[in-house]
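Model the full assembly from the supplied sequences, consistent with the hints where possible.
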Amino acid sequence: MVRALVSSQTERRPRLRVVRVGGVAFRVDASVLAMTGLALAALLALSAWALTLGSYRLPLAAVIAALSGSGSDEAQFIVLDLRLPRILAAVLIGPMLAMSGAIFQGLVRNPLVSPDVIGVNAGAAFVAVFWITTRHSPAALPLVAFAGAVVAASIVYLLSWRGHIAGPRLILVGIGVNAALSAATSFMVVRAEINDASRAVLWMTGSVYASTWNDVRTLALALAVLGPVGIALMWSLRVIQAGDLVARSVGMPLERVRLSLILVGCGLSAVAVSVAGPIGFVALMVPHLARMLAGPMCGSVFAFTGVLGALLLLGADMVGQHALPVGLPVGVVTAAVGAPYFLYLLYRVNARL
Amino acid sequence: MARLLADTVTLAYGRDRVVVDGLSLEIPDKAVTAIIGPNGCGKSTLLRALARLLAPQRGCVVLDGEAIHRLPTREVARRLSLLPQQASAPEAITVEDLVRRGRYPHQSFFQPPSRRDQVAVERALELAGMTELRDVPVDELSGGQRQRAWIAMTLAQETPLLLLDEPTTYLDIAHQQEVLALIRWLNREEGRTVVLVVHDVNHAAQVSDCVVAMRGGQVVAQGPPDRVLSPELLERVFEVPCEVVVPSASGSPVCMPRGRALPPGNSAPAGRAALRAERLSSGYSRRPVLRDVTVSLPAGRVTAIVGPNACGKSTLLRTLARLLKPEAGIVFLDERPVWESSHREFARRLALLAQGATVPEGLLVEELVAIGRYPYQRWYRQWSERDQQAVERAMVATGVIDLRWRAVETLSGGQRQRAWLAMALAQETPVLLLDEPTTFLDIAHQVEVLDLVWELSRSEGRTVVVVLHDLNQACRYADELVVMKDGRVVAAGPPAEVVDQELVRDVFGVDSTVIPDPATGRPLVLPGRALEFELASERLGEAEPRGRAWRGA
Numbered sequence: 001m002v003r004a005l006v007s008s009q010t011e012r013r014p015r016l017r018v019v020r021v022g023g024v025a026f027r028v029d030a031s032v033l034a035m036t037g038l039a040l041a042a043l044l045a046l047s048a049w050a051l052t053l054g055s056y057r058l059p060l061a062a063v064i065a066a067l068s069g070s071g072s073d074e075a076q077f078i079v080l081d082l083r084l085p086r087i088l089a090a091v092l093i094g095p096m097l098a099m100s101g102a103i104f105q106g107l108v109r110n111p112l113v114s115p116d117v118i119g120v121n122a123g124a125a126f127v128a129v130f131w132i133t134t135r136h137s138p139a140a141l142p143l144v145a146f147a148g149a150v151v152a153a154s155i156v157y158l159l160s161w162r163g164h165i166a167g168p169r170l171i172l173v174g175i176g177v178n179a180a181l182s183a184a185t186s187f188m189v190v191r192a193e194i195n196d197a198s199r200a201v202l203w204m205t206g207s208v209y210a211s212t213w214n215d216v217r218t219l220a221l222a223l224a225v226l227g228p229v230g231i232a233l234m235w236s237l238r239v240i241q242a243g244d245l246v247a248r249s250v251g252m253p254l255e256r257v258r259l260s261l262i263l264v265g266c267g268l269s270a271v272a273v274s275v276a277g278p279i280g281f282v283a284l285m286v287p288h289l290a291r292m293l294a295g296p297m298c299g300s301v302f303a304f305t306g307v308l309g310a311l312l313l314l315g316a317d318m319v320g321q322h323a324l325p326v327g328l329p330v331g332v333v334t335a336a337v338g339a340p341y342f343l344y345l346l347y348r349v350n351a352r353l
Numbered sequence: 001m002a003r004l005l006a007d008t009v010t011l012a013y014g015r016d017r018v019v020v021d022g023l024s025l026e027i028p029d030k031a032v033t034a035i036i037g038p039n040g041c042g043k044s045t046l047l048r049a050l051a052r053l054l055a056p057q058r059g060c061v062v063l064d065g066e067a068i069h070r071l072p073t074r075e076v077a078r079r080l081s082l083l084p085q086q087a088s089a090p091e092a093i094t095v096e097d098l099v100r101r102g103r104y105p106h107q108s109f110f111q112p113p114s115r116r117d118q119v120a121v122e123r124a125l126e127l128a129g130m131t132e133l134r135d136v137p138v139d140e141l142s143g144g145q146r147q148r149a150w151i152a153m154t155l156a157q158e159t160p161l162l163l164l165d166e167p168t169t170y171l172d173i174a175h176q177q178e179v180l181a182l183i184r185w186l187n188r189e190e191g192r193t194v195v196l197v198v199h200d201v202n203h204a205a206q207v208s209d210c211v212v213a214m215r216g217g218q219v220v221a222q223g224p225p226d227r228v229l230s231p232e233l234l235e236r237v238f239e240v241p242c243e244v245v246v247p248s249a250s251g252s253p254v255c256m257p258r259g260r261a262l263p264p265g266n267s268a269p270a271g272r273a274a275l276r277a278e279r280l281s282s283g284y285s286r287r288p289v290l291r292d293v294t295v296s297l298p299a300g301r302v303t304a305i306v307g308p309n310a311c312g313k314s315t316l317l318r319t320l321a322r323l324l325k326p327e328a329g330i331v332f333l334d335e336r337p338v339w340e341s342s343h344r345e346f347a348r349r350l351a352l353l354a355q356g357a358t359v360p361e362g363l364l365v366e367e368l369v370a371i372g373r374y375p376y377q378r379w380y381r382q383w384s385e386r387d388q389q390a391v392e393r394a395m396v397a398t399g400v401i402d403l404r405w406r407a408v409e410t411l412s413g414g415q416r417q418r419a420w421l422a423m424a425l426a427q428e429t430p431v432l433l434l435d436e437p438t439t440f441l442d443i444a445h446q447v448e449v450l451d452l453v454w455e456l457s458r459s460e461g462r463t464v465v466v467v468l469h470d471l472n473q474a475c476r477y478a479d480e481l482v483v484m485k486d487g488r489v490v491a492a493g494p495p496a497e498v499v500d501q502e503l504v505r506d507v508f509g510v511d512s513t514v515i516p517d518p519a520t521g522r523p524l525v526l527p528g529r530a531l532e533f534e535l536a537s538e539r540l541g542e543a544e545p546r547g548r549a550w551r552g553a
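So the sequence lines, in the order shown, correspond to chains A and B.
Each residue of the first sequence is one higher than the one before, starting from 1 at the first, in UniProt numbering.
Each residue of the second sequence is one higher than the one before, starting from 1 at the first, in UniProt numbering.
Some hints could be false.
Claimed, not checked - With the Cβ distance kept under 7 Å, some of the chain B side facing chain A (calculated, not the full set):
#1 A55
#2 Q57
#3 G59
#4 P360
#5 L363
#6 Y374
#7 W379
#8 Y380
#9 I401
#10 W405
What the hints assert, rightly or not - What follows is a set of in silico ranges between Cβ atoms, one per label pair, in the way DEER data are often shown:
#11 A:V151 to B:V18: 52 to 60 Å
#12 B:W405 to A:R20: 50 to 58 Å
#13 A:L44 to B:G461: 53 to 61 Å
#14 B:V490 to A:V18: 45 to 53 Å
#15 A:H322 to B:Y284: 41 to 49 Å
#16 B:T358 to A:F77: 49 to 57 Å
Claimed, not checked - On the chain B side, residues computed to face chain A include the following (Cβ under 7 Å):
#17 V219
#18 A357
#19 W383
In case anyone wonders, no lab produced these hints; they're calculated from the structure.
Small disclaimer: the values here were computed from a predicted structure and weren't measured.
Cβ coordinates follow ideal geometry from the N, Cα and C atoms, glycine included.
Right, dumping it as structure tokens:
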């Protein structure tokens, strides 16, 4: 399968279509749209399947009945209050992480960058662990984690600013900030009471366990705003990938575009992390997969990245929840499955060179 | 038998990309052998195989009667050294440190650096002319100095066999001549065997005893330069008509490729200035590069900016293109200060093809060219009929239309350069700035690009400003020359009025002879050569030199 993935890229022959509505015109690759549609259908099927799974098995008919409000009270409670929020959280968090990774990787022109590498997630984790171990109200956790992510991103941005932002410097500063924040977080966990510490560690692994409708609303709102903005910005990111000089010589206000991209990337990642904790490898891995399948990043490939992210995170959560003898947080699954798979992909791609 | 030879070697990258197919070649001992050929003909690949860096699929490379792959690396490294192309040095390493590394094969854990190593390092530094720069970090050197630092490292290895991959790329004429003289000296005085890959045919002619012409992974011809470098053979190898001028007195032949466009001997008179800089000073944070530059670039003409390495050519181009804010002075585009217009508006009037741009993996040619349309688009209006037409036109003009669905990274150097040029053309600007568009291209592709540039200015009336490395190409194609040195403009005007022996000596620091180009009558610079010439090509019989007296004769 991997060979098929790889060769589909070298022999990529886009079927370009121009979509025109009044003053609005887009040029998209029909094959990417088809792939996105296919992935969406798969996502829908996977979600439906996930709704039937659990210690209390429900046939698909009962799930549909519960969704339409005509099932038994018990089924309705299980489907609508327990399973649906968790599934929706996974389906919303996956795209946010993946899109954030795609933005940072394109911006810095480096495939090794993602918000979990350059300290954005570590910032959220630091503040959240502080919040948990000092026994503040858990209701405000998402908000403070978001603040932490934004503060960490601002620190990285300010420290790497020398009249303009250079990619390599941003990575180095990001890795430094990431290390410092992770160390501080570990320190807090070690010093905390055992109960607080175990709660903090669970949060830090990243999980969508016990997501509420409130979480889903926060996530949906953020994705509904930032997703389209991200797609629109891809038009410029496509150009930035050919180099700063090229971007500026075709008349791009580079610093402004770059700042917008960083804000959107941070926003996507921070909201996701604030709800679910730092789930690793999704942001790093999914954009690679998407580019291998669909070609260099652009608006449609960005949307495709999002759908792939949803598929992957939901799949990982289902594996963690149902396929193993003990339930595992999704963050453990993405790391355990994602890291080796990623290495394998890299190996296969390199073997061709 | 020769010390180094290739016996029916087949070289490939991966399983299916065969670059060299069943090639046999004997490297003559104690001679200078130059390998020439078009981009992608396998010359660098062959050199890497000769240096044991690449294992042949079939056949073998033989060093002193033994298969080179059976010999231990250290043993090979004591007999043979390779100067790679575009080597990169670790950060902050000094020239002396770098050169010292050349001694590695002569040392071991139990044999720490000895006096002999120190002597070899000193000698290598001196030969390469790097003694004064020994304590400077390699990454702070200019392109030419860096190349010489690497040559010094290769020399410190003190091997009887020297393999050099494009030793003259990045260098200006003076440094090129220096390196060629050094190669000659190493061969004559020390009896070293030298194999070099060069893309400038004239360097091969100047320095070698034996020329190997390659095409499509095969040796087309091998022999002394005056026999191999005939117009017929060059045309067969490079697929471009060439003129060969042979100096009657013991000089080596000089080849000039001839393109479709043959600009007339008299440059068209310059009219209105499209782009004008007034008292410009510019540079990078702590390092001023341009000092008080005033220059005027005529509309609808080709202007070439020439000068030695690090003279500020690229900086001038970037300041003109508004990529660099000047510390003092103003740039006018159509008599309007460039910093007054918006990014988008400016990009519709002036396009810059920069040097060394990166391509994202998997990007197709058509997608790259479409980037040029950015200033005409908005995020909500990403494509229009006009965009489509401009992209098609640009691809047709540069001849990449058949490559439109190929990924850019799979193209050869020449094709890639043309794809980038198509991107700049798709921007549809009246003014086009090109930074060294011919570097890395073989002569056929160089001529192709320059022909295109000439046609753009003549048929579409575009203003073209191009930074060129090769003084002769600049003389042949430019209506106006701007000659720079040390961040200043030292001369400007039509090539015939500007270029003479004194200028070449003052600016580039090399003795030369300037004769009228037999094909056009424009100046032709022959570095360090005798005065009498005769034409080798019958074809040129009718093209009389147009009456300009030989300068400096």
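Consistency of the hints with the structure:
1. Taken as an interface hint, A55 of chain B does not check out: its beta carbon lies about 16 Å from the nearest beta carbon of chain A, beyond 7 Å.
2. This hint is violated: Q57 of chain B has a C-beta 17 Å from the nearest C-beta of chain A, more than the 7 Å allowed.
3. For G59 of chain B, the interface hint is violated, since its Cβ never comes within 7 Å of a Cβ in chain A; the closest pair sits about 24 Å apart.
4. Taking 7 Å as the C-beta cut-off, the interface hint given for P360 of chain B holds, the closest approach to chain A being about 4 Å.
5. Taken as an interface hint, L363 of chain B checks out: its beta carbon lies about 5 Å from the nearest beta carbon of chain A, inside 7 Å.
6. Annotation: Y374 of chain B was flagged as interfacial toward chain A, and the flag holds, the nearest CB pair being 4 Å apart, inside 7 Å.
7. The beta carbon of W379 of chain B comes within 4 Å of a beta carbon in chain A, closer than 7 Å, and the hint placing it at the interface holds.
8. The restraint placing Y380 of chain B at the interface with chain A holds, with a minimum CB-CB distance near 5 Å, inside the 7 Å limit.
9. Here the hint on I401 of chain B is broken, as its CB sits about 15 Å from the closest CB of chain A, past 7 Å.
10. For W405 of chain B, the shortest C-beta to C-beta distance to chain A is roughly 5 Å, which falls under 7 Å, so the interface hint holds.
11. For V151 of chain A and V18 of chain B, the hinted distance range of 52 to 60 Å is satisfied, since their beta carbons lie about 56 Å from each other.
12. Judged by the Cβ atoms, the range 50 to 58 Å given for W405 of chain B and R20 of chain A is violated: they are separated by roughly 23 Å.
13. Look at L44 of chain A against G461 of chain B: about 58 Å separates their beta carbons, and that is inside 53 to 61 Å.
14. The hinted range of 45 to 53 Å is satisfied by V490 of chain B and V18 of chain A, whose Cβ atoms lie roughly 51 Å apart.
15. One distance hint, 41 to 49 Å for the beta-carbon pair H322 of chain A and Y284 of chain B, is violated here, with the actual separation near 59 Å.
16. Taking the beta carbon of each, T358 of chain B and F77 of chain A are about 55 Å apart, inside 49 to 57 Å as hinted.
17. Checking V219 of chain B against chain A by beta carbon gives a least distance of about 28 Å; that is not within 7 Å, so the hint is violated.
18. The restraint placing A357 of chain B at the interface with chain A holds, with a minimum CB-CB distance near 5 Å, inside the 7 Å limit.
19. Annotation: interface hint on W383 of chain B holds; nearest CB of chain A at approximately 4 Å, less than 7 Å.
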